[in-house]
Amino acid sequence: MTAVLRLEGVWKSFGDHDVLRGIDLEVDPGEVVALIGASGSGKSTLLRTVNLLEPIDDGRILLSDADISDPRTDVDEVRARIGVVFQQYNLFPHLTVQRNITLALRHVHRMKKAEADAAATALLERVGLVDKASAHPDRLSGGQQQRVAIARAVATSPELLLLDEVTSALDPELVGEVLDLVRDLAVDGMTIVMATHEMAFARDVADRVVFLDAGRILEQGPPAEVFGAPREERTREFLARFTA
Amino acid sequence: MTPAPGSAAADRARTTPGDDDPPREVSAVELERRAFRKRQGAASVVISIVSTLVLAVIAWLLIISTPGWARVQQQFFNLEIALASLPRVWDGFLLNLRVLAMSAVLVLLFGLLLATLRTLRGPVWLPLRALAAAYTDVFRGIPLIIVLYLVGFGIPGLQLIPVRLPTEFWGTIAITLTYSAYVSEVFRAGIEAVHPSQRHAARSLGLSHGQSMRLVVVPQAFRKVTPALMNDFVAMQKDVGLISLLGAVDAVRAAQIETAAYFNFTPYVVAALLFVLLAIPTIRLTDWYTARVRAREQIGGIV
Numbered sequence: 013m014t015a016v017l018r019l020e021g022v023w024k025s026f027g028d029h030d031v032l033r034g035i036d037l038e039v040d041p042g043e044v045v046a047l048i049g050a051s052g053s054g055k056s057t058l059l060r061t062v063n064l065l066e067p068i069d070d071g072r073i074l075l076s077d078a079d080i081s082d083p084r085t086d087v088d089e090v091r092a093r094i095g096v097v098f099q100q101y102n103l104f105p106h107l108t109v110q111r112n113i114t115l116a117l118r119h120v121h122r123m124k125k126a127e128a129d130a131a132a133t134a135l136l137e138r139v140g141l142v143d144k145a146s147a148h149p150d151r152l153s154g155g156q157q158q159r160v161a162i163a164r165a166v167a168t169s170p171e172l173l174l175l176d177e178v179t180s181a182l183d184p185e186l187v188g189e190v191l192d193l194v195r196d197l198a199v200d201g202m203t204i205v206m207a208t209h210e211m212a213f214a215r216d217v218a219d220r221v222v223f224l225d226a227g228r229i230l231e232q233g234p235p236a237e238v239f240g241a242p243r244e245e246r247t248r249e250f251l252a253r254f255t256a
Numbered sequence: 068m069t070p071a072p073g074s075a076a077a078d079r080a081r082t083t084p085g086d087d088d089p090p091r092e093v094s095a096v097e098l099e100r101r102a103f104r105k106r107q108g109a110a111s112v113v114i115s116i117v118s119t120l121v122l123a124v125i126a127w128l129l130i131i132s133t134p135g136w137a138r139v140q141q142q143f144f145n146l147e148i149a150l151a152s153l154p155r156v157w158d159g160f161l162l163n164l165r166v167l168a169m170s171a172v173l174v175l176l177f178g179l180l181l182a183t184l185r186t187l188r189g190p191v192w193l194p195l196r197a198l199a200a201a202y203t204d205v206f207r208g209i210p211l212i213i214v215l216y217l218v219g220f221g222i223p224g225l226q227l228i229p230v231r232l233p234t235e236f237w238g239t240i241a242i243t244l245t246y247s248a249y250v251s252e253v254f255r256a257g258i259e260a261v262h263p264s265q266r267h268a269a270r271s272l273g274l275s276h277g278q279s280m281r282l283v284v285v286p287q288a289f290r291k292v293t294p295a296l297m298n299d300f301v302a303m304q305k306d307v308g309l310i311s312l313l314g315a316v317d318a319v320r321a322a323q324i325e326t327a328a329y330f331n332f333t334p335y336v337v338a339a340l341l342f343v344l345l346a347i348p349t350i351r352l353t354d355w356y357t358a359r360v361r362a363r364e365q366i367g368g369i370v
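In order, the protein sequences belong to chains D and A.
In terms of my numbering, the first sequence opens at residue 13 and continues consecutively.
In terms of my numbering, the second sequence opens at residue 68 and continues consecutively.
Rather than coming from a laboratory, the hints here were simulated on the basis of the structure.
Worth double-checking, as some hints may not be accurate.
Said to hold, decoys possible - Short derived list, chain D residues pointing at chain A, Cβ under 7 angstroms:
#, residue
1, A92
2, P105
3, H106
4, H119
5, K124
6, S180
7, L182
Ideal Cβ placement from N, Cα and C applies to all residues, glycine included.
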């Protein structure tokens, strides 16, 4: 089975500061990988390099065995195969919820309007927001906006879904509705890499937890192992702060 | 697929609690507050009417008490001459309107093109980027009157085109050249004011740079700069009067001719009134449009 995503010795620095220091990571089809670690440990940067928003300084990134870190890569084509959900939702405020979802379907995947609309309606039903289809994003609560953002990201059936701390901007009350949706996607077999601070959720949904510290993968394994019996002192410290 | 979490029904139940509760009694404190606000509101209406009247009367008395008022009234505000000159000035004004409509469309298109050229990335586009930048520098620097003379008298002199084009054609070109430079800077500011995360989101979906600009960035930029654009439009409404310098018989030139015929300045006031009447609806329309967009796309429109 070929990996959906493979990182080989990925380095990334901003000026003198090395944010990623030789990351090796492999993600299999249908696998859900949770990246945990303190702020500044490189979780978000890692996701941004995979989506080619940040060029890397060394190593390789392969998407379904094709080297996407090669400068000759068609970045638009690669990004069309990867879904991304941002911490701040980043919905398009000038478009309705429906149009937010159909935008890529129509303009990147060249779908007919009727087809794209049908797909959007089906997705909105799934995220429980059919009645908001013609509303503009600012009229929605944070949780509803994030559910639309997830619908927008998965509308194009991406090979890989990247979630960048998707619940960090939400009230505790609204976190649940978003996490439930992510859980559904995981159950349906979506390949997901997510940066998260929701330890309980990572333990519950992820197949593998990866602990990042200062730009390196310090340890990784099934949630039960990493949370239950962390091998590294640094991991224990980090988890102790979260469960305290 | 499990039942949708946080479904629409669940949201309604949470966000509007107690729809079935009996109507709430309004407290005495709130009733007293409402009565106070009402009294205060009535008082402020009376005060504003009185102060406006007082100011108007003072201004009027000051003007008519000046020693030359009778002569000025005769020379500038003569109703008879106003009515007599109106048809010709109006005909000229229609020419201004045609030039304005044409230039407005051309300025929008050309201004947006210039602004987009300046956002292009990559070495291939360097000449176009530089050209667009140089263009805005040059045409914001040259006074409109000089552009009018250079275009209106210079280009026909080249005899590139065998037929003689009307002066209002060259006037339209000159106004478009100058105003596009200003408007492109307004657009550029709008494009830069759209948060980079919007571009990231668009590119993440696989949209190309051009598609992201066209579908995501420019529409948002347009909304941000509508008031500034309308400001330029109002300025342009008046500057179309400068085509009279090329000899086109527009409202200004017609007023000039009438003024000479009657030995009276009233036709200029007539032309001025027409320009003011043109500007007011534009300004109101802008206010109405921006309010509508805000109401549709944003919450908290009153702050």
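Now for the hints, and whether the structure bears them out:
no.: 1; hint: A92; in the structure: holds (3 angstroms)
no.: 2; hint: P105; in the structure: holds (6 angstroms)
no.: 3; hint: H106; in the structure: holds (5 angstroms)
no.: 4; hint: H119; in the structure: holds (6 angstroms)
no.: 5; hint: K124; in the structure: violated (17 angstroms)
no.: 6; hint: S180; in the structure: violated (14 angstroms)
no.: 7; hint: L182; in the structure: violated (11 angstroms)
In this structure, the earlier hints numbered 5, 6, 7 are contradicted, and the remaining ones agree with it.
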